[in-house]
Every structure is written in structure tokens, then in C-alpha cells.
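J.: Using my numbering, you'd call the opening residue of the sequence shown number -11 and step up by one each time.
Hints in this document: simulated from the structure, not taken from any laboratory.
Pairs of lysine to aspartate or glutamate, EDC-like flavour, derived with a Cα cap of 16 Å:
| no. | residue 1 | residue 2 |
| --- | --- | --- |
| 1 | K99 | E82 |
| 2 | K128 | D95 |
| 3 | K41 | D106 |
| 4 | K125 | D90 |
| 5 | K125 | D95 |
| 6 | K216 | D67 |
| 7 | K216 | E66 |
Per label pair, the in silico range of CB-to-CB distance:
| no. | residue 1 | residue 2 | range |
| --- | --- | --- | --- |
| 8 | K191 | P33 | 39 to 45 Å |
| 9 | K128 | T153 | 38 to 44 Å |
| 10 | E129 | Q152 | 36 to 42 Å |
| 11 | V177 | Y89 | 23 to 29 Å |
| 12 | Y89 | E22 | 40 to 46 Å |
| 13 | T153 | E22 | 21 to 27 Å |
| 14 | T17 | D95 | 39 to 45 Å |
| 15 | A53 | E91 | 38 to 44 Å |
| 16 | S156 | T31 | 28 to 34 Å |
| 17 | A164 | K128 | 24 to 30 Å |
These figures come from a predicted structure and were not determined experimentally.
Even for Gly, the Cβ is constructed at its ideal location relative to N, Cα and C.
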Amino acid sequence: MKYVLSFLLIWLWGGTTLSAQLIEDAIETPDMEEIQTQINDPTSPLYYPALMKRYLDNDTTLNLAEYRCLYLGYSFQEDYNPYRVVEHTDRLKELYANADYDEFVCDSIIKYARLAIDDFPFDLRQMNMLVYAYRCKGDKEQEALWGYKLKSIVDAILSTGDGQTSESAWFVIYPAHEYDIINRLGLTVTSYVFEEPYYDYLKVDTNPFKVEGYYFNVSRILTVFEQKYK
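Model the full structure from these sequences, guided by the hints.
T.: Spelled out as C-alpha cells, the structure:
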């Protein structure tokens, strides 16, 4: 698993992240009931409103355990919709299709990407584009900030398993995050299979790792969809 993680953690923006060894050492299957208890307890250091305030205030002292609770705990919030449509998607697609990322395009990407993130605070794709847009503008402070938030969320996902089996599947709260993780490996998804009771298995194209695919635990996605939208 270590060599897979090492490859995954090479980012477009060139920032640092937890080492593969540190993530491997931190891997722990989430106890979702315990997370729910902690984030709903006003006396807990993991109380969700306090965690989210720190996240939105760009607190860079949030640790891996806190990011795990932030990411996974979002699925217990009232406004969580696992199949929400990202706002401004069409406009963002138009902007991303530009061959020349001049100042106007970069400013527009920043505007609409941040609006999308305001709607869904863990939108990895828009965060990635924010990093790129700020890099093009030469704004190193904002590039570093959004790069840090992006890598911290990915680290949180990676710390939930290794993706090699259903028992060690990576936990995600949004279907697109499965593809985001695979893409970070530099791989392409070739097919998708749902395996009962709550696993997505994404097969990938031929690769140097000789891995056929990766498992994702989508239990919260299915549970909330059944409760709220069916």
C-alpha cells in the first residue's frame, strides 16, 4: 500500500502532505456511531459547529483526527445531500475549458469555485481549481491555504482504509470523491460495480501497481439517501 499512497500524494500544486508512512500508521476504520456522538456533544473537542467554524476560519492547526470528524461528520448534518448538484457547474465548466488562464479567467474561477465551496465545503474539484487559479495569479498565500485544506481532506479519506478490500475500503460521503481519489493515483476508471451491502468497487486501467481496482465504503451515502430522499 505504501507505494500507492506515495504516488497518490504527488500533487499538482506541489505542496506537502502527510507521508505515506504516517497515513499508513494512522489508518483506522471509522466508528461512525462514535463520530456521531462526539460531534453532537457540546462538551467534546470534536463538537461539529466548533470544528466547522475552525475549518471555515482557515485554522491550520486542525489535525488528522479533527479532519476525519469534519469530513465524515458532515454526513450527519441537516443540510447534507450526498447527491447534491454543485452550484455554478455549467459556468465553471466553461471557464475550465479555456486554453488561456489569464487574469480574468482566474478571477472568474476563483469567484465561482468559492461560491460552489460555500454550498459544499468539501468539494475537492473546486478546491483543486482554486489552487491552480491562485498559482496562475501568483498568490502564494491563497495557493498554500487551499492546497493545505485539499490535502487535509484527502489525508482524512486515505486514513480510513487502504482501498484494497471491502473490509479496508476508503470511506467517502460524496460519490465524486471516489473518482477524485482514483484520478490522484494517475489512473482511469474503466468500470464500476456495486457490491452489497454498501461498497463501490471501481476497476481501473492497466497500471504499474498491478492493481485491478479499489473499494469505497458508501454506507453513509446510502443511509442518508434512504432516510431523506426516498
